[in-house]
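Colleague: Chain residues, written in single-letter form:
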Amino acid sequence: MSGAQPTVGRVTELVRATSNYLRDRPRLRLFVLLALPVTFLVAIFVIPLLIMGWYSFLSDMPPASLTLDNYAQALSTDLYLGIIWRTTVITIQTTVIVTILGYSMAYSLVRFSKKATLLLVLVILPFWTNYIIRMYAWMNILQSGGVLDTLLMWTTITSEPLGLLYTQTAVLIGFIYIWLPLATLPFYASLTNMDPNLIDAAKDLGAGPIKTFLTVTLPTTMNGIVVGIILVAIPTFGSFITPALLGGTDNVMIGMTIEDQFVSTFNWPFGAALAVIVSLFVVTAMLIALLLGTDLFKQQGVDQ
Amino acid sequence: MSDRDGGHTDGGVAKQRETGSRSGGFGGLAGRLFRTVGTQVELFVHNYGRYLGKTIVGAIILFLWAPIFVLSFMSFSQREVLSFPPESLTVDWYISFINNPQALEALTTTIQVAVIATPLGIFLSLLIAYSVSRYDFRGRFLLQAVATLPLIIPLIVVGVAMTMFFGFVGIQSGFWPVVFAHTVQIVPFGTLIILATLISFDTTLEEASMDLGANEFETFRQVTLPAILPSIIAATLLGFVISFNEFIYTYFVKDARTNTLPTYIWDRLQHTATPEVNVISVVFLLVAIMMVVVAVAITTVERVAIRQ
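From first to last, the protein sequence lines stand for chains A and B.
Numbering-wise (the working numbering), the first sequence opens with residue 1 and increments by one.
Numbering-wise (the working numbering), the second sequence opens with residue 1001 and increments by one.
Please keep in mind that the hints were generated in silico from the structure rather than gathered at the bench.
Please note that the accuracy of each hint is not assured.
Stated by the list, open to error - Here are the simulated DSS-like cross-link-like pairs (lysine-lysine), alpha carbons at most 30 angstroms apart as the crow flies:
1) A:Lys211 - B:Lys1054
2) A:Lys114 - B:Lys1054
3) A:Lys115 - B:Lys1054
4) A:Lys211 - A:Lys114
5) A:Lys115 - A:Lys211
So that you can see chain B by itself, here it is in the shape it has in the complex:
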C-alpha cells in the first residue's frame, strides 16, 4: 500500500544524477545526453509515477465498465434497430423477455444445469484434492495433471472431442451431455482451490483426531471439513458462475432442442439482434453481482462466527 518505488527517498535519484554527470567524461556527448535523459525520465517517474498509476487504473476500470453500462442503458431503448443514444426509453423489452417462452426455457435449463453440475463438479474436486493431498500413490501426479488439463487444452478442442465422443457412443439427449461437460470444466478450478487449502492445513490436527479414536470419515467430517469449508464455498460459487456462463462446451454437445441462455443469445446474434439481448445481458450482470454479494456475505458471516 505504501508508495515505495515512487517513494520519497530522494537520495537515490540525487546520487544517480551525480554519477550521470561525472561519467559523462568518458562516455562522450551522446553518453552524457543519454544519461541526462535517463535521469530526467527517472525523475519524472519519481515525481509523477503515482498519478500515472492512478490514471491507468481509472482508465482501465472505465474501459471495463463502459460496455456494460452501454448494454444496460440500451436495454431500455425504444427502437428495435440498435441506435445510440436511444431516442426514448421503455421497459417493453423486459416484458417481451418475460413473455418469451424460448428465452425463459433457456434460462430454466441454464439454472438446472448449473444446479446439478456445480455440486457434482465440486464433489469430484474434493475427492481428488483430498486423495492427492493425503495419500501417496502411483499415478498421483498423473491424476493431478489430468484434473488440471481442461484448463490448459483450449475449450474448443475439448468441445469438439466431446461432440465426437457423444456421437460415437450414441448419446443423443442434450441435457446430460451438457451437465457432464460443465462438470469437466468445473473440476480443475475446484481441485486447485480446495487442494491449496488442504495442503496448507495442519495435518497434525487430523492425526490427533485419529489417535483419539475417530476413523478417517469422522475425522474428515469434524476436523478437516470445517477447516476447508470456506474454500469449498468459494469453489462452489466459482463453479456456478462458470456453468451459468459456459458456452463453448455447451455449443458442441447440446442437441437442437436444448438451449442454455448463452447458446440462445448466440442463436439470436446469428440472425437479428433485438434489444431483448440487452435485457438478457442485464440478467447475466445481475447474476454476477449476486454471486459477489453472496461471496462477501458468506465471508462476513464466517468472520463473525469465528469471532464469537
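Next comes chain A alone, as it looks inside the complex:
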C-alpha cells in the first residue's frame, strides 16, 4: 500500500511533465501518437502483402529467379480460368439474392415493424456465432437424409431425398445465410436516414407504391445499397470455407485453390500469384461499384 501510492504519483508526474513538454511540439506529439500503430500495420500487414507480391514472381521457393510464369499459368490454363469464372458467377448470384432479400427485409423493418430494434437484434445475433459452425449446421440440414430431406419427406412434398449437400445450390444457400444479416445493416441504415416526406410528396403527386419506390426510395438509398453489395461481394469472392464444406470437389472456388497451394500442394509462388489476382479483381470491382454508386447519386441530385 505504502509503496503503490508514490509510484502512481510519480507516473502521473511523469505523464504530466511529458505532455507539457510535448505541448508546443505538435510534430513530435503526432510522432508519439502514431509510432506504434504505424509500425504495427507496416510490419504485420503491409510488409506481408509486399512479400506476397514478391513471391508471386518467383519461379520456386526463395532463393529463386524472377518469372512471370505463375501469372501466365493462372490466366491461360482452362482449369484456373474455369474456377475464376465459377467464382465470379457464384459471387454475382449471391450478391443479387442477398441484396433483394436483405433490402426487402430492411424495408419492411423500417416501414411496417413496431419492434424494429428487437427484430434487428434477432437478425444480427446469428451473424455473431461462428462461421464454421453455421456452415456445419447447413451440412446437417442439406445432407442426403438430413433435416431438410426428413422434413420434406415427412410432409410428403418429396418422396425421395434431395441430397442438396455438395451442389452449387448448397454453396449459394450457405453464402446467403452468412451474408444476409451483414447486408441488411447498411440497407436498414440508409432507409432510416431517408426523409419520409419524400415518399409523401411522391404519393401526393399521384405515384403508386411501386412507382414511388422505384423513383424515390431506391435512388435515395443507393449509397447504402452499394455498401451492402461491397460487403457481400468481396468476402464471397475470396471465400474458401463455404465451398469447401458445402460444395465439395465439384464446386471449387478460387479461395480453395489458393488454400490448396499453401496447405497441400506447397506451391507458394503460384498461390501468391492467385492471391494477387484475387486482390486486383476485388479492388477493381469495388472501385467500379463506388464510381457507379456516386454517379447514380449525382444524377439524382441528392447531396449527403
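Given the coordinates of chain A, work out where chain B should sit on it, guided by the hints.
Modeller: Just chain B, lined up with the frame of chain A:
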C-alpha cells in the same frame, strides 16, 4: 415506422387508374392491357404490401434461426452418427466436451488470444482515429486507407501473405502470430467506429479545456475520452467477437500445436464430426448472446448514469 409507401392515401392510386384508362387510346390494346396490369399490381402492393413485408421478415428470421436451433437440439442427440430427429436425448456430449483436454485447451487459447488482441487492437485504433481526426498531416489519407484495407482485401489473401511473412522472418511459435493477426483484423473495425464519434464530437469543448490550461493528454482524459467511451466499448465488444470467431488468419499463421476453437472444429470436420461439435456450437452461441446482453446492459447503465 409509419406505413408510408403502402400508405392509406388512396388519391395516388385512384388518380393513376384514371390516367391509365384515358391514355389507352393512343397506346393501343397492348398498352391499355399493360397499364391495367400495372395498376392492378400497384393496387395489390398498396393493399397487401404490409403483409407481404411482414411475411418476408418472418420467413427470413426463421431461415436465420432454424440452423441454430437444429444444432442446439442435436447437441443432445444420443447417437454418434448424425440423425434427425434424435432418437433419444442425453447430456453425454457436454460431459465429453468438458473432459476433452484438446477442446478445453482450444477454448483457453481462444480466450487468451481474444483478451490480448482486443485491447491491443482497440488501443491502436484509438491512436489512429484520434490522430486522423485531430491532426492534419501528410499521409493522413494513406494511413486511413491502410487501416481500413484489411476490411477490403479478402481474408484469405492477407492470411497467406502472413504465412509467407512469418515464414520469411522465421517466427515459428504459433501463439503471438495469431494474436497479431487478430489485431490486424480488429483495427479497421475499431478505427471506423471510434473515428465516427470523434468526428461528430464538438471540438470546441477540447479547445475550451486547453484554453483553461489543460494539456492535450489531460484534455483527452477528462473531456474527449468520456464522450467517446460508448464507441470504445462498442468497438471492444465487436473486437472480442471478431477475435473469438476468427478462423482464416488463424488457420494460416498458427503452428500445428496451437489451436483455437474454430480451427479445432475445422480439424474435427475434416475427419468425423461427432455431436461434440454441436456442443461447441452451443458454446459459440452462448458467447454471442452474452456479448449482446453485455452491450445492452452497458448502454442501459450509461443511460441511467446520464439521467442522474
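Colleague: Hint by hint, say whether it matches the structure.
Modeller: Do the hints match the structure? See the list:
1. A:Lys211 - B:Lys1054: 21 angstroms, holds
2. A:Lys114 - B:Lys1054: 11 angstroms, holds
3. A:Lys115 - B:Lys1054: 12 angstroms, holds
4. A:Lys211 - A:Lys114: 25 angstroms, holds
5. A:Lys115 - A:Lys211: Holds - the C-alpha atoms of Lys211 (chain A) and Lys115 (chain A) are around 27 angstroms apart, at most 30 angstroms.
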